[in-house]
Amino acid sequence: MEPTAHDADEELPPRALLLEMYRHMLATRRFEETCLDFFRRGLIRGYLHSYIGQEAVAAGAIAALRSDDWIASTHRGHGHCIAKGADLRFMMAEILGRETGYCRGRGGSMHIASADLHHLGANGIVGGGIPLATGAALGIRVQGGDQVVICFFSDGASNNGVFPESLNLAGLFRLPVIFLLENNFYAVSTPVECSTGCCELAGRGPAYGVPGVCVDGNDAIAVWRETRRAVRRARSGEGPTLIEARTFRWGGHHANDPGQYVDPERLAYWKGRDPLALLGREIRDAAAVAAVASRVEAELAAAVEFALNSPEPAVEAFLAEIDS
Amino acid sequence: MPELLYREALRRALDEEMARDPHVFLLGETIAERGGSFKVTEGLLARYGPGRVIDTPIAEASFTGMAVGAALIGCRPVVELLFIDFALLAMDPIVNQAAKIEFISGGRRRLPLVIRTQGGVGEGLAAQHSQSLEALFYHIPGLKVVMPSTPADAYGLLKSAIRDDHPVVFIEHKRLYALSGPVPEEETLLPLGKADCKRRGNDVTLVSWSFMVHRCLAAAGLLERRGIEAEVLDLRSLVPLDREALLASARRTGRVLIVHEAVRRGGVGGDLAATIMEEAWSDLAAPVRRLAGRNTPIPYSRSIEEVCIPAVEEIAAAAAELAAIGR
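Protein sequences appear in the order of chains Z and V. At position 7 of the first sequence the residue is numbered 6 (numbering that gives the first Met the number 0), and the sequence of numbers has no breaks. At position 240 of the second sequence the residue is numbered 239 (numbering that gives the first Met the number 0), and the sequence of numbers has no breaks.
In short, the hints are calculated from the structure, not lab data. This structure is a prediction, so every number in the text was calculated from the model and none was measured. In this text, a Cβ means the ideal position worked out from N, Cα and C, and glycines have one as well. Any given hint could turn out to be false.
[Claimed, not checked] FRET-style restraints, in silico, Cβ to Cβ: (1) Z/160 to V/324: 34 to 42 Å; (2) Z/318 to V/273: 20 to 28 Å; (3) V/274 to Z/318: 15 to 23 Å; (4) V/38 to Z/194: 40 to 48 Å; (5) V/294 to Z/196: 38 to 46 Å; (6) Z/196 to V/293: 39 to 47 Å; (7) V/274 to Z/304: 44 to 52 Å; (8) Z/194 to V/185: 54 to 62 Å; (9) V/138 to Z/36: 33 to 41 Å; (10) V/38 to Z/160: 27 to 35 Å; (11) V/138 to Z/84: 44 to 52 Å; (12) Z/160 to V/185: 43 to 51 Å; (13) Z/114 to V/187: 28 to 36 Å.
[What the hints assert, rightly or not] To give an idea of the chain Z side of the interface with chain V (calculated C-beta under 8 Å), a few residues: (14) 127; (15) 141; (16) 165.
Produce the complete structure using the sequences and hints provided.
In structure tokens, the structure reads:
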């Protein structure tokens with residue numbers, strides 16, 4: 000199955016949506032660059048999984064949602080969070096381990112979640128969010144709602160048992176969930192061709208009665224279009240869709256992983272298809288792009304200032320909260 | 000007071016809570032048309048329909064995770080794991096997800112989830128259908144662990160578990176489903192974390208939960224004939240633990256025997272014994288003792304199955320020994 004790019008004569012997203020997608024992608028790129036810098040300076044602890052290179056997947060897919068639709072994210076989740084409308088101040092505060100963060104410094108980069116944003120949560124367990132997203136879709140049905148859920152996961156997670164299980168359950172119950180498989184071609188260091196006998200990951204959907212499509216994950220408009228189709232199906236009760244979005248991470252698995260195992264030609268190819276540049280070309284309005292860029296820089300600067308000036312959680316208060 | 004079977008009491012709790020709150024729904028293997036392998040959910044499909052009594056394929060990790068996801072958006076799912084042995088297939092959603100989600104949100108999220116399951120030695124169900132695994136869940140911060148021994152407790156505790164805003168592992172016992180006992184006619188909720196003194200006595204305290212409570216009560220009957228007054232304290236929930244009741248009884252009798260069906264090694268009894276010795280040492284007349292399952296998988300054959308878990312006579316003998324120390 001060849002990934003589909005968007006076709007020039009098909010319908011484009013409204014201009015405001017295009018600019019919003021671009022803003023989310025640029026904010027993600029700049030947020031991640033800032034985080035990587037903070038990590039190198041020792042301000043960020045633990046694991047930091049950069050979303051640089053994959054921005055079009057989150058931005059394009061979430062642009063097809065309503066604000067009351069839900070998402071489930073992954074360990075590489077900053078882009079999903081930003082596209083879902085997260086406040087960069089609370090994200091940065093969380094990643095810097097501050098009391099003012101989304102999770103009051105208890106979660107960190109791998110656990111950002113917010114009921115207000117209808118964000119079920121990032122997840123430190125690869126594949127861990129797949130059944131949660133599927134269950135949220137079931138919960139929506141129990142509650143009689145018409146929201147849908149996007150379940151972000153990866154080629155790595157697709158080999159975990161919960162993926163076929165949940166795909167089967169979602170297909171069986173025709174649940175309003177979109178399985179958005181971000182195929183970035185590496186599970187930590189293992190290339191996708193070394194982790195499965197069948198690299199056509201979208202093809203796993205039909206085996207469970209779930210349509211599978213493959214899309215160019217660096218083309219935000221193509222991702223938006225496929226996701227919008229899947230959202231319409233889900234919202235009208237026709238059930239789940241599996242979307243494989245082919246993309247690439249520009250760095251290693253995490254901030255401390257130089258990623259030497261990545262084939263340099265492959266990386267160069269994908270860097271030549273920078274999702275931000277591709278979408279920027281579509282907007283064809285340098286002034287609008289510049290205005291988005293200056294807004295992003297201002298929000299990022301405010302987020303950094305807010306986070307750095309926020310306190311870390313107080314030990315006494317923490318000890319009083321827990322049951323020991 | 001009318002009598003109900005343990006399974007009927009559980010069913011009544013589910014029925015009442017489903018009638019009361021449309022966010023409560025049931026999910027599990029073979030629970031709908033068939034009414035569950037132990038007939039707890041019988042009749043609920045007819046009352047609440049397939050949208051709220053949902054049969055799943057055999058995919059424990061995913062349907063348990065689905066219950067977590069549904070709870071995250073405001074439902075109150077009750078997921079049934081047919082055997083506690085099968086909960087091991089769902090340890091990621093239970094331990095890494097359900098138990099952590101509230102904490103890692105800085106307390107900003109609530110996870111009203113009940114995981115109903117059952118454990119214990121049955122009749123020839125062998126090593127993969129007979130385990131008592133409460134210690135696994137007791138060990139994990141973020142989970143409540145409830146283990147009722149009577150129909151009334153099963154009824155009142157399950158209702159409270161469903162209304163609780165936090166994840167509860169509700170462990171039934173396969174040998175209790177057919178047990179009959181009085182259950183109040185009027186709606187009754189029993190708080191989680193309150194032990195119940197099932198028999199008063201001053202000479203020795205038998206601390207137990209679930210099926211072993213009945214063996215302790217039988218042992219207390221044997222002890223009475225030997226002039227020993229045993230108290231039987233049913234903890235009912237291990238998390239939260241009723242430390243007050245546990246320590247008060249330990250201080251009063253000064254002699255404590257902890258009885259559980261789960262294997263002794265790494266069992267909850269060890270932790271309870273340490274707690275009593277740390278907190279009530281000066282009031283103890285004898286070291287705290289444990290009587291627990293042998294450190295073995297449960298065998299199949301009739302001749303060797305029952306010997307793996309504490310028998311009434313063994314409990315009575317151990318309690319009598321304790322009662323004799325220093326007298």
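* Do residue 138 of chain V and residue 84 of chain Z keep their Cβ atoms within the hinted range of 44 to 52 Å? -> Between residue 138 of chain V and residue 84 of chain Z, where Cβ atoms are some 38 Å apart, the hint is violated.
* Do the beta carbons of residue 114 of chain Z and residue 187 of chain V sit within 28 to 36 Å of each other? -> 32 Å, holds
* Asked: Taking 20 to 28 Å as the hint, is the beta-carbon distance of residue 318 of chain Z and residue 273 of chain V inside that range?
  -> 21 Å, holds
* Asked: That 27 to 35 Å hint for residue 38 of chain V and residue 160 of chain Z (C-beta), does it hold up?
  -> Because 30 Å falls inside the window, the suggested range holds.
* When the nearest CB of chain V is found for residue 165 of chain Z, is that gap smaller than 8 Å? -> Since chain V brings a Cβ to about 5 Å from residue 165 of chain Z, closer than 8 Å, the hint holds.
* residue 324 of chain V and residue 160 of chain Z - C-beta distance against the hinted 34 to 42 Å -> This hint is violated: roughly 53 Å between Cβ atoms.
* Asked: Can the hint on residue 127 of chain Z be confirmed by a CB-to-CB distance to chain V that is less than 8 Å?
  -> 6 Å, holds
* **Status of the given 44 to 52 Å range, CB of residue 304 of chain Z versus CB of residue 274 of chain V** => Holds: the Cβ-Cβ distance is about 48 Å, inside 44 to 52 Å.
* Falls inside 43 to 51 Å, the C-beta gap from residue 160 of chain Z to residue 185 of chain V? -> Holds - the Cβ-Cβ distance for residue 160 of chain Z and residue 185 of chain V, about 46 Å, lies within 43 to 51 Å.
* For the pair residue 194 of chain Z and residue 185 of chain V, does the Cβ-Cβ distance stay inside 54 to 62 Å? -> 59 Å, holds
* Asked: If you check the beta carbons of residue 196 of chain Z and residue 293 of chain V, does the distance land in 39 to 47 Å?
  -> Hint holds: Cβ distance 45 Å, inside 39 to 47 Å.
* How does the Cβ-Cβ distance of residue 38 of chain V and residue 194 of chain Z compare with 40 to 48 Å: does it lie in that range? -> Distance hint for residue 38 of chain V, residue 194 of chain Z holds at roughly 44 Å.
The structure fails hints 1, 11 (numbered hints given earlier, in ascending order).
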